[in-house]
Amino acid sequence: MENLRTSKALKFISYILFPIFVLLIGLSIFHLSFLDEYGNTGATNFIDTEMFANEYVYYITDNIANANDQKNNDTRMFIQLEDVDGNEIYYLDRDYMYSYYNGINEYIDFIIIDKETNAIYTNMRTSDYNSEIENMKNSTKYWNYDDGNIETNIEYINNDNIKYNSTFQYAVLGEDGESTYVVNKEITGYTIYSRYNPDKTGGLTNFKIVEGIYEFCLEHQNLPVYILPISVIFTFAIAIYLCWAIGHEKGKDEITLGYIDKIPYEILFLAWAILLTIFATGAIECLNIANYITIIFAFVLYFICYIICAITTVSTIKRLKAKKFIKSFLIYKIGKWCFDKLKILFDTLDEKTTENKRLFWYYLLFIIVSVMLACLFYTGIAIILLIGFWIWSYYKIKKYILDQEKIKKALKDIYEGKNDVRLNEDELKGALREMAVYVNDIASGFSNAIQESLKSERLKTELITNVSHDIKTPLTSIINYVDLLKKENIQDEKVKEYIDILDKKSQRLKKLTEDLVEASKVSSGNVKLNFESIDIKELFNQTIGEFKDRFEQKDLKIEVQMPENDIKIKADSRYLYRIIENLFSNITKYALEGSRVYIDVTENNKNKGNTNSNNSYNYININIKNISKDKLNISSDELMQRFVRGDKSRYTEGSGLGLSIAKSLTELQGGKFDIIIDGDLFKVEIDWPK
Amino acid sequence: MYNILVVDDDKEIVGAIEIYLKKEGYNILKAYNGEEALDIVASNEIHLIILDIMMPKKDGLETLEEIRKTKTIPVILLSAKSEDYDKIGGLNSGADDYITKPFNPLELIARVNSVLRRYVSFGSLKKEENGNVYKTGGLVVNDDTKKVTVDGKEVKLTATEFNILKFLLANKGKVYSIPQIYENVWNEEGFGAENIIAVHIRHIREKIEINPKEPRYLKVIWGVGYKIEDIK
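Protein sequences, first through last, are from chains A and B.
Each residue of the first sequence is one higher than the one before, counting from 1 in our numbering.
Each residue of the second sequence is one higher than the one before, counting from 1 in our numbering.
Mixed in with the good hints there might be a few duds.
Residues of chain A clear of chain B, computed beta-carbon distances all greater than 10 Å [unchecked claim]:
1. Phe377
2. Asp420
3. Lys472
4. Asp503
5. Ser506
6. Gly525
7. Asn541
8. Arg574
Below are the EDC-like pairs computed for lysine to aspartate or glutamate, each with C-alpha atoms no more than 20 Å apart in a straight line [what the hints assert, rightly or not]:
9. B:Lys213 with A:Glu462
10. B:Lys219 with A:Asp535
11. B:Lys11 with B:Asp39
12. B:Lys227 with A:Asp535
13. A:Lys324 with A:Glu416
14. B:Lys81 with A:Glu462
15. B:Lys87 with A:Asp470
16. B:Lys213 with A:Glu581
17. B:Lys71 with B:Glu83
18. B:Lys213 with A:Glu514
Computed Cβ-Cβ distance ranges for the label pairs, DEER-style [to be verified]:
19. B:Asp144 with A:Leu459: 52 to 62 Å
20. B:Glu18 with A:Leu454: 54 to 64 Å
21. B:Asp144 with A:Leu681: 54 to 64 Å
None of these hints come from the bench; they were simulated from the model.
C-beta atoms are modelled at their ideal positions from N, C-alpha and C, and glycine is treated no differently.
Let the sequences and hints guide you as you build the complete structure.
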């Protein structure tokens, strides 16, 4: 069932079949009405029917009118040919006729003679019109007329049936003897000869079509009896199926709406009406000048009409099924928008927040008072009162905005990290006062939190310092007595070795406690910095001088690369030295003996891209590289973290805090400290602001 | 025979110091808190006091203050507090030197000797102030005899080291960068001198200072230069 509903193929077939069955219904009804009209006359040939007679007389009278118009120089329907026997010959201009009649009714020959001038109007070409006139009566159907006297073998338009009155009108009596075909043409002064010429009915002319239909209808009288009910049943079935299935697609529970279904319905309807009018009019026009090209053309146009109608109908059904028909009206949308806006306005009265309510009443009051005072305008005092009222209102609004500004400023202060933000709640009213209370709460919470964290940081450093004091006292005894032990005259080599270990470890413990305090101070920023102008070259010369012996001991060669010019930076000289000292100390401990140590100092520009302009360098970059003697199986981040060091180096002296302290000290002074490990290459990069 | 009073609440530390200083030939008196120390000072002739700061009953600074009311005995503070402001505070309270725990026994002995020499031979120093003599604190450089003494004890310097020290001492209190020192001592452009001067200065420091890492006379201003501290 669901498959039927969602099948695209079935829908496509339905869309194709539907118009065919509708067409069949139409044709059947036409067939039935045709039979009803002509079925009982007994005429089996088209030329025996009233329809034929009617067309015949219409064509003739029309050409009499044309001849009359030509005579009075109104139109030029006829072309003048060479005279025959001294008579003027006017031949019906076929091209002209085609543009009007498209060649219909050409199966009628006529010769119209103007009695005054003996001019001949005709659609026949011959050298002997007199013999043609003689021949007329020998034709299957002929119709001659002379001064009210008709000579014919067409029953419907003989003397008895045609009503002629002197004011150039004649009529054909209807079959029932009452209805008449009235033609407003004067035919006095003309003699008419005409005949039905079967030789001219070749090809698919209008005559042939009409004759064909006539004969088909008569021949197949039973056809509509079967076709009509079947067509009706199928049409209804398809219509019901489509109504049921439209909008349902595979895998979707809801009605699927397309682009067309989203167009406001009025616009869709208007487009339908306009397009249908255009195409239907075109189709009707085409049928009026029925030949077989125009019939195909009309058919195409009718099909387009069908598509237009189908699209509109399908969209309408979809909208109805999706329960969006009303909503898809533009007017509904506009109305709803207006309604919503109004609703918001009036909802404010019901809302719980008092501010909305107050705003509404204040605004209403403002308008009422303004209008009332405006009504009293003619009394001079009302103007003064009104202006006064406006100024008062402005003052009120301004005060509210200024109060709001205060809260905004307080919030901005909190955002910027000020910790003494406080609003005077008594100055404010209503919701602003509530806001002020909250802001004050947040501000005090904030500054509390900051104070707490500062306090805890300070406590941490204090704790570490105090603990280190407590450790140092017993450590002093250990170091001193170990020293004393060393000075004793001990022979036992083992005891000497043990004392040596004690000595080393106690010294290491000493260094560890000192570094721990420093690291904690430095990382918590608990350091007082004295910035001064430092010459980097001087610093490195001094430091290398300090370490020269130790470098030489390890056979390390120092390669220094510096710019020619003096480089001054702002730094605390003691702490800057501490950074370099820690790095150099690491190098003497961990660098591969006999390798080179590279120190490169360059100036560069961090903020601007160009490094060309000489005086605008705002950073110096210190780059220290050495080769590690041990494998560095550790990340640079871990190296910079406190108490973490490369694997093997755990067994040598030091606390492992050197790099961590160097990093913290660099960052405290606004620099950037990075360690890059590339295989055995150990590289420290420091960026220092000038 | 000088009498040295050692004050610390940690008996083992006092014991260790006693052993070291006795070897140097000093007579040692011991106290374990501030009040005891004051009693001993009141009743004995003391030439030097080694005083711990953190002690029960009366701490080192209070004791020092008390002593300074009546006596000018040199005092060396000995403390686990190693912050700059602790040292400055201690020295400002009237101490002559400050040693942090844990200390190097050799440094302690050197400082004790130095302070005592300064205290005892204060008068005799003036006699040597003839000719080309430059001095600051206990550091004396005699350009005539080419002798350098620290607190009366002679120090052997090389000719280059002597010239650098003499130049800096003659201009004590002023800071000189490496190229400036080079130009003034060698009388030529200090280009390429670089760290030769720095090495010499470290050597000088090692010879004239008790603790070269915390120099008293020859100070390093990192990234600027060197100077001799002007001590009255």
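Hint by hint, here is what the structure shows:
1. Every CB of chain B is more than 10 Å from the CB of phenylalanine 377 of chain A (nearest about 81 Å), matching its label as outside the interface.
2. Taking the minimum C-beta to C-beta distance to chain B, about 29 Å, the non-interface status of aspartate 420 of chain A holds against the 10 Å cut.
3. With a least beta-carbon separation of about 4 Å from chain B, lysine 472 of chain A fails to lie farther than 10 Å from that chain, contradicting its non-interface assignment.
4. Every CB of chain B is more than 10 Å from the CB of aspartate 503 of chain A (nearest about 12 Å), matching its label as outside the interface.
5. Some Cβ of chain B comes within 10 Å of the Cβ of serine 506 of chain A; the nearest lies about 8 Å off, and the non-interface call is violated.
6. With a closest Cβ-Cβ approach of about 16 Å to chain B, glycine 525 of chain A is found to remain outside the 10 Å limit, as its non-interface label requires.
7. Against the 10 Å criterion, asparagine 541 of chain A falls within the reach of chain B, whose nearest CB is about 5 Å from its own CB.
8. The claim that arginine 574 of chain A lies off the interface is violated: its Cβ sits roughly 6 Å from the closest Cβ of chain B, which falls inside the 10 Å cut-off.
9. Taking the CA atoms of lysine 213 of chain B and glutamate 462 of chain A, the gap is near 26 Å; set against the 20 Å cutoff, the hint is violated.
10. For the suggested pair lysine 219 of chain B and aspartate 535 of chain A, the alpha carbons sit about 17 Å apart, so the restraint of at most 20 Å is met.
11. A hinted pair counts as satisfied when its Cα atoms are at most 20 Å apart, and lysine 11 of chain B with aspartate 39 of chain B qualifies at roughly 18 Å.
12. Restraint check for lysine 227 of chain B and aspartate 535 of chain A: satisfied, since their Cα atoms lie roughly 16 Å apart, inside the 20 Å limit.
13. As the CA atoms of lysine 324 of chain A and glutamate 416 of chain A are separated by approximately 53 Å, the hinted pair breaks the 20 Å bound.
14. With a C-alpha separation of about 12 Å, the suggested pairing of lysine 81 of chain B with glutamate 462 of chain A holds against the 20 Å cut-off.
15. As the CA atoms of lysine 87 of chain B and aspartate 470 of chain A are separated by approximately 18 Å, the hinted pair is consistent with the 20 Å bound.
16. With a C-alpha separation of about 12 Å, the suggested pairing of lysine 213 of chain B with glutamate 581 of chain A holds against the 20 Å cut-off.
17. Restraint check for lysine 71 of chain B and glutamate 83 of chain B: not satisfied, since their Cα atoms lie roughly 27 Å apart, outside the 20 Å limit.
18. The suggested pairing of lysine 213 of chain B with glutamate 514 of chain A holds, with an alpha-carbon distance near 15 Å, which does not exceed 20 Å.
19. At roughly 60 Å, the beta-carbon separation of aspartate 144 of chain B and leucine 459 of chain A lies within the given 52 to 62 Å, and the hint holds.
20. A hinted range of 54 to 64 Å is violated for the C-beta pair glutamate 18 of chain B and leucine 454 of chain A, which are about 45 Å apart.
21. Taking the beta carbon of each, aspartate 144 of chain B and leucine 681 of chain A are about 56 Å apart, inside 54 to 64 Å as hinted.
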